[in-house]
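K.L.:
Single-letter residue listing:
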Amino acid sequence: MTKITLIGAGSTVFTRNLCSDILLAPALQGSTITLMDIDPGRLRNSRDLVQNIVDSRGLDAKVEVTTDRREAIRGADYLVTTFQQGGLDAYSFDIEIPKRYGVEQCVGDTVGPGGVFRALRTIPVLLELCDEVDELAPDALLLNYVNPMAANCWAVDRATGRPHVGLCHSVQGTSEMLASWVGAPYEEVNFLCVGINHQAFFLKFRRGRDDLYPEIREAIKSDEVRGQEPVRVELMEHFGYFVTESSGHASEYAPYFRKSAHMVEDELVPRFRNEDDHWFDFGRTGGYLRHCQEVLDETSGDGSANGIPAERTHEYGSYIIEAMETNEPIKVNGNVPNRGLIRSLPENCCVEVPCLIDANGVQPTSLDHYPTQLVALNRTNINVQELTVEAALTGNTEAVHHAVMLDPLTAAVCTLPEVRAMVDEMLDIQEQWLPQFRKVGV
Amino acid sequence: LAVRGEERVLKVAFIGAGSVVFTKNLLTDILSFSELHGTTIALHDIDPERLETAGMMARWTSEQLGADAKVEEHLDRRGALEGAEFVVNMVQIGMHEATLLDFEIPKKYGLKQTIADSMGIGGIFRGLRTIPFVLDLAGEMRELCPKAHLLNYTNPMGILMEALYTASPETKSVGLCHSVPYTAREIASYIGVEHEELLYECAGINHIAWMTSLEVEGEDAYPRLFAAMEDPDVYAKDKVRFELMRRFGYFVTESSEHNAEYVPYFLKDDGLIELYDVPVDEYVRRSEENLLQYAETRRKLLAGEDFSLGRSVEYGSLIMHSLVTGETRAIYGNVENTGLVTNLPEGCCVEVPILVDDTGLRPCHVGDLPPQCAATCAPHTAVQNLTVRAALEGRRDHVYHAAMLDRHGPSVLSLDEIAEMVDELIEAHGEAMPEGVRTSGAGAGRV
Numbered sequence: 001m002t003k004i005t006l007i008g009a010g011s012t013v014f015t016r017n018l019c020s021d022i023l024l025a026p027a028l029q030g031s032t033i034t035l036m037d038i039d040p041g042r043l044r045n046s047r048d049l050v051q052n053i054v055d056s057r058g059l060d061a062k063v064e065v066t067t068d069r070r071e072a073i074r075g076a077d078y079l080v081t082t083f084q085q086g087g088l089d090a091y092s093f094d095i096e097i098p099k100r101y102g103v104e105q106c107v108g109d110t111v112g113p114g115g116v117f118r119a120l121r122t123i124p125v126l127l128e129l130c131d132e133v134d135e136l137a138p139d140a141l142l143l144n145y146v147n148p149m150a151a152n153c154w155a156v157d158r159a160t161g162r163p164h165v166g167l168c169h170s171v172q173g174t175s176e177m178l179a180s181w182v183g184a185p186y187e188e189v190n191f192l193c194v195g196i197n198h199q200a201f202f203l204k205f206r207r208g209r210d211d212l213y214p215e216i217r218e219a220i221k222s223d224e225v226r227g228q229e230p231v232r233v234e235l236m237e238h239f240g241y242f243v244t245e246s247s248g249h250a251s252e253y254a255p256y257f258r259k260s261a262h263m264v265e266d267e268l269v270p271r272f273r274n275e276d277d278h279w280f281d282f283g284r285t286g287g288y289l290r291h292c293q294e295v296l297d298e299t300s301g302d303g304s305a306n307g308i309p310a311e312r313t314h315e316y317g318s319y320i321i322e323a324m325e326t327n328e329p330i331k332v333n334g335n336v337p338n339r340g341l342i343r344s345l346p347e348n349c350c351v352e353v354p355c356l357i358d359a360n361g362v363q364p365t366s367l368d369h370y371p372t373q374l375v376a377l378n379r380t381n382i383n384v385q386e387l388t389v390e391a392a393l394t395g396n397t398e399a400v401h402h403a404v405m406l407d408p409l410t411a412a413v414c415t416l417p418e419v420r421a422m423v424d425e426m427l428d429i430q431e432q433w434l435p436q437f438r439k440v441g442v
Numbered sequence: 001l002a003v004r005g006e007e008r009v010l011k012v013a014f015i016g017a018g019s020v021v022f023t024k025n026l027l028t029d030i031l032s033f034s035e036l037h038g039t040t041i042a043l044h045d046i047d048p049e050r051l052e053t054a055g056m057m058a059r060w061t062s063e064q065l066g067a068d069a070k071v072e073e074h075l076d077r078r079g080a081l082e083g084a085e086f087v088v089n090m091v092q093i094g095m096h097e098a099t100l101l102d103f104e105i106p107k108k109y110g111l112k113q114t115i116a117d118s119m120g121i122g123g124i125f126r127g128l129r130t131i132p133f134v135l136d137l138a139g140e141m142r143e144l145c146p147k148a149h150l151l152n153y154t155n156p157m158g159i160l161m162e163a164l165y166t167a168s169p170e171t172k173s174v175g176l177c178h179s180v181p182y183t184a185r186e187i188a189s190y191i192g193v194e195h196e197e198l199l200y201e202c203a204g205i206n207h208i209a210w211m212t213s214l215e216v217e218g219e220d221a222y223p224r225l226f227a228a229m230e231d232p233d234v235y236a237k238d239k240v241r242f243e244l245m246r247r248f249g250y251f252v253t254e255s256s257e258h259n260a261e262y263v264p265y266f267l268k269d270d271g272l273i274e275l276y277d278v279p280v281d282e283y284v285r286r287s288e289e290n291l292l293q294y295a296e297t298r299r300k301l302l303a304g305e306d307f308s309l310g311r312s313v314e315y316g317s318l319i320m321h322s323l324v325t326g327e328t329r330a331i332y333g334n335v336e337n338t339g340l341v342t343n344l345p346e347g348c349c350v351e352v353p354i355l356v357d358d359t360g361l362r363p364c365h366v367g368d369l370p371p372q373c374a375a376t377c378a379p380h381t382a383v384q385n386l387t388v389r390a391a392l393e394g395r396r397d398h399v400y401h402a403a404m405l406d407r408h409g410p411s412v413l414s415l416d417e418i419a420e421m422v423d424e425l426i427e428a429h430g431e432a433m434p435e436g437v438r439t440s441g442a443g444a445g446r447v
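Chains as they are written, first to last, in our numbering: chain C, 1 to 442; chain L, 1 to 447.
It is worth saying that the hints were derived from the structure and are not from the lab. Please note: incorrect hints may appear among the correct ones.
Below are the PhoX-like pairs computed for lysine-lysine, each with C-alpha atoms no more than 25 Å apart in a straight line [what the hints assert, rightly or not]:
{"no.": "1", "chain 1": "L", "residue 1": "Lys268", "chain 2": "L", "residue 2": "Lys239"}
{"no.": "2", "chain 1": "L", "residue 1": "Lys147", "chain 2": "C", "residue 2": "Lys204"}
{"no.": "3", "chain 1": "L", "residue 1": "Lys172", "chain 2": "C", "residue 2": "Lys204"}
{"no.": "4", "chain 1": "L", "residue 1": "Lys268", "chain 2": "L", "residue 2": "Lys237"}
{"no.": "5", "chain 1": "L", "residue 1": "Lys147", "chain 2": "L", "residue 2": "Lys172"}
{"no.": "6", "chain 1": "L", "residue 1": "Lys107", "chain 2": "L", "residue 2": "Lys300"}
Take the sequences, apply the hints, and build the full model.
P.N.:
Encoded structure:
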């Protein structure tokens, strides 16, 4: 019987959706789903939600919960990681300290000082977990959902070589949005999307064999579309291709959009016109942090209030497990080590490319040509990831400074001494989550 | 894309369609998909009678399947290519007569061969006479159907694919062979399971790809295959490949008769030939049978008799169907090694899993082969590269180098004998040889 373990299962909404997806796959309806979190209260909520899905659909699946990570891992076939090390306390530091130095991060979970520190907190936990997997479930596939995706997966590969795939819904979400802009039924569109996580580009976007880019170029002339995605539309106009993830995210990966509080509030925020799309607060600094704080308040109460999804979501997780169990091939855009897949990006960095999934596991595909301007843009972010991984794996704090110094947004607003002071302050205040920098014997 | 009425019509060009039985099999595969009904099938062959036979066969097949295919016969290749979306290459340059030269001249020197179509001296010469053809074909495709996919079935696969992607990188080409799925089926039969139950991973070069993993119900199936080898009846069916598995640890694709001439262990003296049941000159017999089979097929068509119609294991129709419908499939194909198999040379032609859907063909990264498996492939990639260079650069000296670096030939012949044999083969094939190879002087090592 297939054992699927979720590490960080207290992420209630994600756990509910992924488990609902798994339980909608006919081949997986007899699985054992093991939920693990360090917070017993949140874990109980998640268990109630998942058990409710099993019961209401009359399935044979077994739901187990534990706060003991080793027990959760033992004998697992698939390990899904969704934890957030340090939680919102740490996340607040990621946003608030850089803001005092003029670094205005909207989401702060990918690159930038926030992304760097999120990786530094997460990587030690992931590596510990990989050690346990080697011991207790050596053949398990790791499906990582924890951000920052690229730095985390790169560290897992460099330190352990363990088979893994990093998963995100940004490709699905963006492709659905593009299809809706041009009025194409989603089932009929096909695309080629490659790059790095949160900054992958749609090199092709077609309906059948018709290129839909001319229609996208037409669609982005409308105020409604521009007001929905001002940053990504502008990036496409200047770089030629549409990028994944949201405009809130995209605005902080390059130096063009948020170099001061004034620029954010008076120039960027007014360009967001879609009142319904407020999860990152229209690009405001700390927008996503405030959203997370509100959601936490909403879901920390009675979990049964949440509904049960009737259909499978677009998250890749359940489809990957199903394809590996049934040997029915599927394609997903997964984050994997760059072994010559995009030859113009550094070997072994984490790239997001189409992967073939069947009983033989995750088989990444290679790309023959990637436009040079996209290589260059990705490279600015990969620089930060590379130094972050170096710092996380070696415990060298200088590499943390170098990572943040090379962050495109930080470099646009801070002097080098400012970066040094900011990083020192963050290292100091987050010390409890950063075991790799503790001096032995002190 | 051609347009018929309001609908878009898929056009598939068959180059060398006079291989009538193969044409029938591929057409059956294609037209078994309802989404591919109504396809325009543009047949081309330089032999008018064979072309006519292929046309009869195509119409009969379409009618049997109720597929409403539009069948066209083109003696002019350009007419077949114009606007095609898929070009299926299955020509045999020089036909039976050239094949006989490839066998008989080496045999005079004491070099015996079994199939002579992919590696070794036979593969080199089949490559040399076919490279100019595939380059012409690619040139016409650039002009007449630049977006088409070229599905190459013609051997020698590695040499022709390397010539294609080197000289015409803009052509979307993939080399297809049934040796991977056939081998999987043979393994399944040896261990007594249904072929659907056997999961496998396979990579290497065409005809020498290695089954790096075999699984049945989640368990490693290699112990079962090693056990099956001990059954004399099973062993007798595949002696060469079982011996290779015994010594190298993995089962290889294609067949025992092919593999006997890819390595120096089975074909260099009569004792070995007898011990391992190596069928010397096997392809000469098959080639003669093909001629008889063709004549019989034509007779039956003219007499209005029936043929059996069943899906084959060939990947061609699956690629077409996936590109048209978007259905995701995994196939095995032969493509340029762009870091896919990390311990085979960059740029050589490798056989790897390929993801296919409506965005195209995406080869999968494989990583390292077991080192002993890579080492059995690598010498052949060097021979293929030298053969391609000989043809593209007009370097006769590289033909000698290729022949001298083959694995089987030098197990029987001296350097002088190899050089002399190469000279005689170039002379005998005459006009079929690429320009520089034919005209530059004899003698190994000279430029």
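K.L.:
The structure should be examined with respect to each hint, and the outcome stated for every one.
P.N.:
Hint-by-hint comparison with the structure:
For the proposed pair Lys268(L) and Lys239(L), the alpha carbon gap of about 16 Å is at most 25 Å, so the pair holds. Proposed proximity of Lys147(L) and Lys204(C) is supported: the alpha carbons are some 15 Å apart, at most 25 Å. Taking the CA atoms of Lys172(L) and Lys204(C), the gap is about 16 Å. The hint holds against a cut of 25 Å. Only pairs whose Cα atoms come within 25 Å are accepted, and Lys268(L) paired with Lys237(L) is accepted, the gap being roughly 21 Å.
Of the pairs offered as hints, the one joining Lys147(L) and Lys172(L) holds, with about 7 Å between alpha carbons and a cut-off of 25 Å not exceeded. Straight-line distance between C-alpha atoms of Lys107(L) and Lys300(L) comes to about 37 Å, which puts the hinted pair past the 25 Å bound.
Checked against the numbered hints listed earlier, the structure breaks hint 6 alone; every other hint is satisfied.
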